[in-house]
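Protein chains in written order, with the working numbering: chain A, 985 to 1277; chain B, 985 to 1277; chain C, 985 to 1277; chain D, 985 to 1277; chain E, 985 to 1277; chain F, 985 to 1277.
One should not assume that every hint holds.
Identical chains blur together in the list; that is why a pair holds if it fits in one copy or across any two.
[Stated by the list, open to error] In silico SDA-like pairs for lysine to any residue, Cα to Cα no more than 20 Å straight-line:
1. Lys1141 x His1163
2. Lys1038 x Gly1243
3. Lys1066 x Asn1215
4. Lys1262 x Asn1026
5. Lys1175 x Glu1207
6. Lys1268 x Ser1014
7. Lys1017 x Glu1272
8. Lys1082 x Arg1120
9. Lys1024 x Asp1185
10. Lys1038 x Lys1082
11. Lys1175 x Gln1222
12. Lys1268 x Ser1136
13. Lys1038 x Asn1139
14. Lys1066 x Ala1214
These are calculated hints, taken from the structure and not from any lab test.
Number of protein chains: 6
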Amino acid sequence: MIMKVKEPLENEYSMIRPGQLLFAYFHFASERKLTEAMIKSNAVCLAYETVELKDGSLPLLVPMSEIAGRMSVQEGARFLEKTQGGKGKLLGGVPGVKPAKVLVLGGGVVGMSAAKIAAGSGADVTITDISLPRLRYLDDIMPANVKTLYSSVYNIKAELPGTDLVIGAVLIPGAKAPHLITKEMLSLMTKGSVLVDVAIDQGGCFETSRPTTHAEPVYTVDEIIHYCVANIPGAVPQTSTDALTHATLPYALNLANKGWEKACEDDPALASGLNIIKGQVVYKAVAEAFDLP
Amino acid sequence: MIMKVKEPLENEYSMIRPGQLLFAYFHFASERKLTEAMIKSNAVCLAYETVELKDGSLPLLVPMSEIAGRMSVQEGARFLEKTQGGKGKLLGGVPGVKPAKVLVLGGGVVGMSAAKIAAGSGADVTITDISLPRLRYLDDIMPANVKTLYSSVYNIKAELPGTDLVIGAVLIPGAKAPHLITKEMLSLMTKGSVLVDVAIDQGGCFETSRPTTHAEPVYTVDEIIHYCVANIPGAVPQTSTDALTHATLPYALNLANKGWEKACEDDPALASGLNIIKGQVVYKAVAEAFDLP
Amino acid sequence: MIMKVKEPLENEYSMIRPGQLLFAYFHFASERKLTEAMIKSNAVCLAYETVELKDGSLPLLVPMSEIAGRMSVQEGARFLEKTQGGKGKLLGGVPGVKPAKVLVLGGGVVGMSAAKIAAGSGADVTITDISLPRLRYLDDIMPANVKTLYSSVYNIKAELPGTDLVIGAVLIPGAKAPHLITKEMLSLMTKGSVLVDVAIDQGGCFETSRPTTHAEPVYTVDEIIHYCVANIPGAVPQTSTDALTHATLPYALNLANKGWEKACEDDPALASGLNIIKGQVVYKAVAEAFDLP
Amino acid sequence: MIMKVKEPLENEYSMIRPGQLLFAYFHFASERKLTEAMIKSNAVCLAYETVELKDGSLPLLVPMSEIAGRMSVQEGARFLEKTQGGKGKLLGGVPGVKPAKVLVLGGGVVGMSAAKIAAGSGADVTITDISLPRLRYLDDIMPANVKTLYSSVYNIKAELPGTDLVIGAVLIPGAKAPHLITKEMLSLMTKGSVLVDVAIDQGGCFETSRPTTHAEPVYTVDEIIHYCVANIPGAVPQTSTDALTHATLPYALNLANKGWEKACEDDPALASGLNIIKGQVVYKAVAEAFDLP
Amino acid sequence: MIMKVKEPLENEYSMIRPGQLLFAYFHFASERKLTEAMIKSNAVCLAYETVELKDGSLPLLVPMSEIAGRMSVQEGARFLEKTQGGKGKLLGGVPGVKPAKVLVLGGGVVGMSAAKIAAGSGADVTITDISLPRLRYLDDIMPANVKTLYSSVYNIKAELPGTDLVIGAVLIPGAKAPHLITKEMLSLMTKGSVLVDVAIDQGGCFETSRPTTHAEPVYTVDEIIHYCVANIPGAVPQTSTDALTHATLPYALNLANKGWEKACEDDPALASGLNIIKGQVVYKAVAEAFDLP
Amino acid sequence: MIMKVKEPLENEYSMIRPGQLLFAYFHFASERKLTEAMIKSNAVCLAYETVELKDGSLPLLVPMSEIAGRMSVQEGARFLEKTQGGKGKLLGGVPGVKPAKVLVLGGGVVGMSAAKIAAGSGADVTITDISLPRLRYLDDIMPANVKTLYSSVYNIKAELPGTDLVIGAVLIPGAKAPHLITKEMLSLMTKGSVLVDVAIDQGGCFETSRPTTHAEPVYTVDEIIHYCVANIPGAVPQTSTDALTHATLPYALNLANKGWEKACEDDPALASGLNIIKGQVVYKAVAEAFDLP
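Work out the full structure, taking the sequences as your base and the hints as a guide.
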């Protein structure tokens, strides 16, 4: 199971043996019930989402970002279709008809992945970031139909009137995503445009974003379609499982070969994944979230 | 109105004045009711779909083919999603995970358009045709992740086992499309793969194809998803209208400036669009279809 | 001498021997003095500019079109510089700053050449044409930062507000170029934008165009800079001479080997270049221009 | 005003209030008069050009380098025109005529930017550097018509005979640029070739370079055209202003929000920009240049 | 059997039944013994190499040209190795070391195929042709490291000094290939350079060419290595067989379904392949070659 | 002399003067005779192969890796030819025939170089690595016909059945290369496929690899061709010498200017190249290899 350990286990906590190692996505801070169950279970909970390298990167989240970024354009293109509620515009246009304009907010893993797919579909793409070195690298490697733009309120506002699809891909590690598009700014866009908020897990980077599901992925605010599925990669489990396994395998092998104690001792990145050890919450943010010691 | 004149007009035939010129898609041969109404209306019906250049090409169908081809991959990618019933595979993969395989049957306008979008999405694309000169041109201009393959039963069968998405884009002008994939061959594909039949208007190029609509676009045969929407471009009317207008405008201007009689006299291509003139069916295939003189 | 035979010869007509063959650019119709001198000289004047293939193409003008198209962007970029009077914008932008927008009117040899160079410089390029098949070919082979657009007054007007540089490359063989941008439409553009009219030889495709020279290449109308040098390739004679020689060589060899009479008899294209034969004007348009028999 | 603070302020020093913060390009070391005025003014002078990151890079100079590199090719192409004094060669050639050869000395920001534009114009480009890792990165990302070459006197000499345009882009931070082309080596080049020296601010990387201005940008030595405008980006102020603002904005915001003292305390990069504080020269190189304490 | 029918059959002519249809490569004009045996056999000999379309193209030779062109670069690269006798140079160079120069003479199917592979290997490629329209198409679709050059003795001589590998790909249908490089011109090249003559079947396009075999593929003249294998595609029979089958299949099906008489009656291209019918030589060039009626 | 100092010197050790500096490839650990002779010679032996930068990279080995990687595909393509023993398949295929599949094991310098050339030749390329960040960079910069794949036994096994050419490019610095393809796995491949082992210097990354020479480069195991030339770059000495000189020059200049003692004192990377100093083995791995102090 790829995405989150919580649902399938909810009725099966009794199956967990004390001291057993669980290595998965937990997202405890936003899951009180799960946290309590795990504390009670006396299991060792090593959470994918808090495994962190020295440089602050989160190696077990990157594969999901790559997938979410690529998927975001696929979903956005779909909801631009009239039959799905959108303005009825084809991303890449055809000879003689100009392509749709795609604005990708954020040039990290998600944004770069999104921009590649949008460009490959023939769209007229603009990608923003506040890091100039990052924009320079993107300028080096992106296809010619991707323009880089310094991220500022002024620049974003200037882009919105002609833009058909916005991909929100701004994530500030460990913090709520900033609201780059406010409710008021929606009026700058034409009716039937689409916003895809890939940062919805962290609160979303549009003011009007609220989490949706694959079952009901979109809603409309001021005639602008919002796609805010919290678990985008869940739609392509075959790809997601492969991608995630590649990232977790080296850690899993170490855990299996050395036992979790030795493995975490040898590798601080892995150790940072420890959230609950036999009833004790050991990850600060989780403890704080529930006022635990 | 872009696609077909028939639906919106059905209850409004009384609005048509005798001798009035109607220049639109009609597809009379498959629409008895419409044909009869138009005969009765005494209008002049100039059908987009039979305007034909000296070289046999159909200039008012090409824009729809370009759109249908591009859309076919967008729709196929969507139905590869697990949440839409597919195998749950991302078209372009991610670093470390190989992309999906897309097989495009037919290297004409539809197929070339489809292959471009599939390649841009990062898929591993194979495009087939029986014309070697056409494959050579495609080899000249396609991105590096498009392979050309001579179309034969043997070659198609060899491709199916690894293929995730098939785009059926084989059209033989004025004839029923051949069944390049039979029901039996479906067993060569893995469960949750997707077939998109862009030739459905001409009977479809898969044996198991039957027309569907945007409201209910897919059905499943032997665990293979079939997408056979007859009017794909209807999903992106903004793009379709622009594209079609570019193609019809020069003809429309001539009709307006010269009157239909002079315009058709001056331009044999336009004349070939005449289907019904004031109660008389003048297009052979339509007359034959309904045993009319 | 590359471009035009007229200037250097004007004082040296006496050097021409009766019956001598002159194979060069003449453009008699717009050069009465030259025409008269040539009639008087009893020479045989075979004009590059009227050598015409069966399909209507002018093989000895194509190389000049290729050069003019490429040069037009180089000149346009220069006059966008503030120090040259322009708005002070770099064609390709830099990472974080969006590139300039270039609109190329006409997708023939000149326009395609211009679009390639503009795209290579990193600009955001749109190329227009009224031929959809031509736009389809351009879509096949152009870099991703070139968009194709059907040419119409509506579409051109919609493009002008954001456009920094317009290349006028619309030529209708044997006719005055149409005025695609009127004086009134200049007000749609921002101050300091640049128009380059490559069709100036045929009257220009902007209403406000009038011929200029390399010595004084630009002038300003309504704060829009106009570059209308009639002989653009004259600025790069090394390249122009090579390009022209490649095109004329096969004809020149035939003339030298067979004599002009036999060579023109064997090759109707060459024969169509005959303008004046020993005092007789034999090219209809020239005769008409000066009311000669 | 983008480039240099000195000219417009020269007559207006009286406007500066004591203690006022000035955040701009100053280049004090080469501007005695300005330095003295600023000392006298009691202002706080924070110089763009000495803001330096931990890795030795100069973030407020990079945008100007990007622009200067791109512009250098545009200017070089212009002066290759016969009408501008050059050999009359088109950078990209045309089908059948080989392109011009461009040699870019230095693979840093300036050189990479120049090589991209030259390649995009269709030239045959060679870029040199003494860093093999840098050449490897350039090999990864440059278009196919850019060749990388290890920088050595031997290799440069071998390139010069066939080269039409040389871009000098070698900058050694904090040191005089080396003379990669000596006066003697000019004889290896053909008449009418062009040298553009982007390193002129640091003394130039050709022996025969001396600063020029946009008003009179070139001069000729041994029939080789030298373009040595010291402030190339000044020609495109619209682009330059945007680019520079993107780089300075984060620093300016901190200065405004925190005051310069706190801002410089928090960010050593910003602190390194302090040149003069209320009458005291605090930047070593400036103090040394004028024998100040 | 792919290439030539003659060898395997030589001892087995007795197996051929009178009236039997043989559809294969024959090249009778240069194979007297085979011709006589076939006359005697009373078979119907339909030769691949003379099947000719209305436009003069030879559809059953094109696949072999595509393979020979691609292989020619592979073989040329190999013989540039020191261990194979060449100058010891890598086609694509490495970062810091410039690539080898490849000159492709002829821009038809063979030349275009060769240029694509050479460019893909990172070489610095120049392709020549006397057709400017062909060079224009190549300019449209070739990678950026392929330069087009008008074919002339002057231009070829100018290229030879720097060239490491020459691919001779000039074929004049039905005529001896011209000698584009004479023995004397070899002295312009550096020792250890390689010539590959793909036109060897038609006499070769270098003066010093003489046919070789895969067993002994090269010989040296004036220290220049000559590769003149007459049957290059024979080295990759798996690819060749597939390619050829795709081209012959439609003809073979018609022959099988209709019988050769009806099939040839219906298709003049196929009829042009008839060389010997039951003892009668019916192809002019073959009859002439052996003074037969 | 480029590659190895040993052979040419073997009979000429007497020429070495005591205290003389030798700066070259030595590979002492696997050359007892050479080691002993050098100890006896009293020379100072500074070995290219052990010069090591702070980050563990070996700057004087990289150029050889770049060449070996590029050459590996050239050699592999050659031995896929039937006439060389292979299956007779052309790397890039032709229009209508799919290209060969190339599997590159290892995404470092060797593997990246190999993948570039294979892709340029039109092959269908897959490159593997265990580093996801490396695969992400490759995904950014590689041509579209290169797929990245996470390296695992499972994934490699899944690739082998369709693969025609495998490039083994996995090097673990200072350790024996792992056997990624075992003898047993050979049976997964089709007869006439080719393995090229670029890691043969470190024991090879295929179980069945054993070193070969340019004189006899291949052997066959289980009908799979093995190419294991230990010194691949030796085949292109012109390129190799240039590439190596670029890398060694800065070190050589320091050695010449400062003397080896001062040069090694100033530069720890250079010091790490010291293997034998006047009779004393000072490099640990060499001392251990021969049980010397």
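Consistency of the hints with the structure:
Taking the closest pair of Cα atoms, Lys1141 and His1163 come within 20 Å of each other only inside a single copy of the chain (13 Å); across copies the shortest separation is 35 Å, beyond that limit. In this homomeric assembly, Lys1038 and Gly1243 never come within 20 Å of each other (Cα to Cα): the closest approach is 22 Å inside a single copy and 32 Å across copies. Taking the shortest Cα distances, Lys1066 and Asn1215 sit within 20 Å of each other only across copies (13 Å), while inside one copy they are farther apart (25 Å). When the C-alpha separation of Lys1262 and Asn1026 is checked against a cutoff of 20 Å, the pair qualifies only within one copy, where the shortest distance is 4 Å, while the shortest distance between copies is 65 Å.
Only within a single protomer do Lys1175 and Glu1207 lie at most 20 Å apart by alpha-carbon distance; the minimum there is 5 Å, versus 35 Å between protomers. Taking the closest pair of Cα atoms, Lys1268 and Ser1014 come within 20 Å of each other only inside a single copy of the chain (14 Å); across copies the shortest separation is 53 Å, beyond that limit. When the C-alpha separation of Lys1017 and Glu1272 is checked against a cutoff of 20 Å, the pair qualifies only within one copy, where the shortest distance is 15 Å, while the shortest distance between copies is 59 Å. Proximity of Lys1082 to Arg1120 under the C-alpha cut-off of 20 Å is restricted to the inter-copy arrangement: shortest distance 13 Å between copies versus 27 Å within a copy.
Proximity of Lys1024 and Asp1185 under a CA criterion of 20 Å is satisfied in neither setting, with 26 Å inside one chain copy and 56 Å between copies. Taking the closest pair of Cα atoms, Lys1038 and Lys1082 never come within 20 Å of each other, the shortest separation being 45 Å inside a single copy and 29 Å across copies. Taking the closest pair of Cα atoms, Lys1175 and Gln1222 come within 20 Å of each other only across two copies (12 Å); inside a single copy the shortest separation is 35 Å, beyond that limit. In this homomeric assembly, Lys1268 and Ser1136 never come within 20 Å of each other (Cα to Cα): the closest approach is 33 Å inside a single copy and 35 Å across copies.
Taking the closest pair of Cα atoms, Lys1038 and Asn1139 never come within 20 Å of each other, the shortest separation being 33 Å inside a single copy and 29 Å across copies. With identical chains, the CA atoms of Lys1066 and Ala1214 are at most 20 Å apart between copies only, with a shortest distance of 16 Å across copies and 24 Å within one.
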